[in-house]
Amino acid sequence: MTKKYRVRLSKEERNELESLVKKGKEAACKRIHAQILLKADEGEAGPCWKDEEIVKALDVSVSTVERLRERLVTQGLESALNRVPVDRSARRKLDGEQEAHLIALACSEPPEGRARWTLKLLADRMIEMKYVGSLSDETVRRALKKTD
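Note that the sequence shown ends on residue 731 in the working numbering; no numbers are left out.
Source of the hints: derived by calculation from the structure; they are not laboratory data.
It is possible that some hints are incorrect.
Below are the DSS-like pairs computed for lysine-lysine, each with C-alpha atoms no more than 27 Å apart in a straight line [what the hints assert, rightly or not]:
1. Lys587 to Lys613
2. Lys622 to Lys608
3. Lys728 to Lys713
4. Lys608 to Lys639
5. Lys639 to Lys676
6. Lys586 to Lys608
7. Lys605 to Lys633
8. Lys613 to Lys594
9. Lys613 to Lys586
10. Lys676 to Lys633
For each label pair, taking beta carbons as the anchor points, the in silico distance ranges come out as [stated by the list, open to error]:
11. Arg674 to Leu727: 16 to 24 Å
12. Lys594 to Val669: 13 to 21 Å
13. Lys713 to Arg650: 39 to 47 Å
14. Cys631 to Val669: 27 to 35 Å
Backbone N, C-alpha and C fix where the C-beta goes; we use that ideal spot for every residue, glycine too.
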């Protein structure tokens, strides 16, 4: 199978990667990425290792080598060396006003026939009162845990 993304490093890029690997002062993942690129280099000074050889030598997965090669070709050397930051910020399910309604509801008398509010009852009542379109009992738990 032919490779879609081929690594061809310039002399300057190769020198930069070699010095990065030799110094040993960078993060481990950055050094591994540099080593992968050096081994995959198909340029004049590169050893042009096959992906399987790189995988065995550096104990990484084939997909890591492929993704790294692709990132080098499409986004450049800096992007290939550095990890891609992951955005884990989730949108809040309840805003401040909705949380206030939830807390007020939780502090009120429970429904008839119940000794106390359950998370499921609170979530259902918030939907019933049209404060929110949908709400899980886990979101209710988190909101109430925040307020103690």
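Hint-by-hint comparison with the structure:
no.: 1; hint: Lys587 to Lys613; in the structure: holds, 23 Å
no.: 2; hint: Lys622 to Lys608; in the structure: holds, 20 Å
no.: 3; hint: Lys728 to Lys713; in the structure: holds, 22 Å
no.: 4; hint: Lys608 to Lys639; in the structure: holds, 24 Å
no.: 5; hint: Lys639 to Lys676; in the structure: violated, 45 Å
no.: 6; hint: Lys586 to Lys608; in the structure: violated, 32 Å
no.: 7; hint: Lys605 to Lys633; in the structure: holds, 23 Å
no.: 8; hint: Lys613 to Lys594; in the structure: holds, 19 Å
no.: 9; hint: Lys613 to Lys586; in the structure: holds, 23 Å
no.: 10; hint: Lys676 to Lys633; in the structure: violated, 48 Å
no.: 11; hint: Arg674 to Leu727: 16 to 24 Å; in the structure: holds, 19 Å
no.: 12; hint: Lys594 to Val669: 13 to 21 Å; in the structure: violated, 34 Å
no.: 13; hint: Lys713 to Arg650: 39 to 47 Å; in the structure: holds, 46 Å
no.: 14; hint: Cys631 to Val669: 27 to 35 Å; in the structure: holds, 32 Å
Hint check: violations occur at hints 5, 6, 10 and 12; the rest are consistent with the structure.
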